[in-house]
Amino acid sequence: MNRAFNDRESQKILDIIKNFARKNSLFILAYGTGCGAIEIPPTITSRYDAERFGIRGAATPRQADVLLITGYLSVKTLKRVIRAYEQMQDPKYVMGFGSCTINGGMYWDSYNTIKQLDKYIPVDVYINGCMPRPEAVIAGFVKLQQLIQQGKALGWKHYKENLEWYRQNQQKVIKNWRMPDYNW
Amino acid sequence: MADLQKENLLLEVLKNHFNDKIFDLKVQRHQRVHLRTTTEQIEAVLLYLKEKLGYKHLSHISCVDWIEENRFELVYILWHPEDKINVLVKVDVDRLNPVAPNIDYIWPQANTYEREMREMFGIQFPGLVGRKELILEDWDDLPPMRRDFDTLQYVMENFEFRSGREDAQNVRETIAKRTGEEIPEFAKKYSR
Ligand code: SF4
Numbered sequence: 001m002n003r004a005f006n007d008r009e010s011q012k013i014l015d016i017i018k019n020f021a022r023k024n025s026l027f028i029l030a031y032g033t034g035c036g037a038i039e040i041p042p043t044i045t046s047r048y049d050a051e052r053f054g055i056r057g058a059a060t061p062r063q064a065d066v067l068l069i070t071g072y073l074s075v076k077t078l079k080r081v082i083r084a085y086e087q088m089q090d091p092k093y094v095m096g097f098g099s100c101t102i103n104g105g106m107y108w109d110s111y112n113t114i115k116q117l118d119k120y121i122p123v124d125v126y127i128n129g130c131m132p133r134p135e136a137v138i139a140g141f142v143k144l145q146q147l148i149q150q151g152k153a154l155g156w157k158h159y160k161e162n163l164e165w166y167r168q169n170q171q172k173v174i175k176n177w178r179m180p181d182y183n184w
Numbered sequence: 001m002a003d004l005q006k007e008n009l010l011l012e013v014l015k016n017h018f019n020d021k022i023f024d025l026k027v028q029r030h031q032r033v034h035l036r037t038t039t040e041q042i043e044a045v046l047l048y049l050k051e052k053l054g055y056k057h058l059s060h061i062s063c064v065d066w067i068e069e070n071r072f073e074l075v076y077i078l079w080h081p082e083d084k085i086n087v088l089v090k091v092d093v094d095r096l097n098p099v100a101p102n103i104d105y106i107w108p109q110a111n112t113y114e115r116e117m118r119e120m121f122g123i124q125f126p127g128l129v130g131r132k133e134l135i136l137e138d139w140d141d142l143p144p145m146r147r148d149f150d151t152l153q154y155v156m157e158n159f160e161f162r163s164g165r166e167d168a169q170n171v172r173e174t175i176a177k178r179t180g181e182e183i184p185e186f187a188k189k190y191s192r
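As given, the protein sequences belong to chains C and P, one line each in that order. Note that our numbering numbers the first sequence so that position 75 is 75, with each residue one more than the last. Note that our numbering numbers the second sequence so that position 124 is 124, with each residue one more than the last.
The set of hints was computed from the structure by calculation and includes no laboratory data. From the three backbone atoms N, C-alpha and C, an ideal C-beta is built for every residue, glycine too. Incorrect hints may have been included.
[Unchecked claim] Sample of chain P residues facing chain C (criterion: CB under 8 Å; computed from the structure):
no.	residue
1	ASP138
2	ARG147
3	THR151
4	TYR154
5	GLY164
Generate coordinates for the entire structure from the input sequences, incorporating the hints supplied.
As structure tokens, then:
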């Protein structure tokens with residue numbers, strides 16, 4: 001908690017309050033792709049009880065703060081993930097689970113899965129492992145909370161500023177691009 | 001083990017009814033009977049098995065790509081719920097001009113399997129209704145489950161890797177080296 005006050009040079013006082021509130025109420029949208037979705041139920045139920053960190057599920061993208069990508073993404077799913085991500089309200093964060101989102105994992109030579117998630121949407125925290133255990137997932141959340149408190153989890157700003165670059169990568173794999181434009 | 005009475009009886013019935021239109025007729029093991037036929041006869045065989053002999057259930061249609069022999073092999077797997085026998089009906093389709101009869105009027109669920117084979121192997125089923133895409137989206141390359149579709153090349157052309165996995169090893173080769181196995185020539189070329 002001391003950290004919040006040490007960072008005063010870089011953040012305005014209002015930011016500190018806002019970030020404090022944000023980090024302690026993370027509503028997650030678990031996008032259950034790949035094998036990783038199986039680690040979400042133990043994480044958020046009584047055994048590991050993620051709610052003590054203020055983490056709980058959200059029903060729709062518009063109500064969520066964190067998008068969890070739990071494993072490999074096929075090109076077809078990527079299209080839906082991009083839509084879900086673009087519909088989320090700012091500030092929004094993305095967590096990539098498992099080696100598949102980092103560098104392809106064991107599906108590295110599959111014709112239908114993407115290899116690096118952060119080329120298509122900005123990722124704030126990666127959790128490695130195949131599959132990460134709930135402890136690792138919670139460690140990832142704690143890391144994300146630290147980044148939010150320090151005002152460093154700025155993937156959503158990065159996405160807006162570099163939209164061109166992201167769109168270019170997205171359109172390279174999604175061949176038939178029929179996606180809505182948002183005016184944010 | 002149980003004797004193969006029911007299986008042998010089925011063999012007799014089929015042999016008498018179809019004579020030389022089916023071949024390779026054999027009991028593979030307890031509860032499994034195997035036979036081959038041609039694309040012209042496949043509908044008759046399946047209808048006979050379903051309507052007359054009670055093989056009500058189509059478990060699966062699968063496809064094997066025998067690229068060296070220039071053919072696709074469709075395997076229709078039927079199940080008799082009372083006699084508890086699986087029948088595998090195999091039929092060969094030319095690989096260059098892959099056309100097989102549409103059987104979704106016999107079993108409606110065949111529609112899904114046929115659409116999948118159309119998408120993954122490029123086999124045509126005349127009269128098959130349904131959207132062209134089942135699993136893939138906007139696919140414009142060779143059907144991906146064909147063995148002459150080079151997955152690795154496709155991946156290298158379409159995706160980029162983060163650095164750090166250059167020392168990754170070919171799993172097949174590593175295992176073969178450890179056990180002193182020799183990888184056959186065709187496997188080297190088409191599988192990884
Ligand atoms: S990282 Fe491992 S567990 Fe996770 S989606 Fe990939 S293969 Fe499955």
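So, going through the hints one by one against the coordinates:
| no. | hint | in the structure |
| --- | --- | --- |
| 1 | ASP138 | 4 Å, holds |
| 2 | ARG147 | 13 Å, violated |
| 3 | THR151 | 5 Å, holds |
| 4 | TYR154 | 5 Å, holds |
| 5 | GLY164 | 7 Å, holds |
Comparing the model with each numbered hint stated earlier shows that hint 2 is the single one that does not hold.
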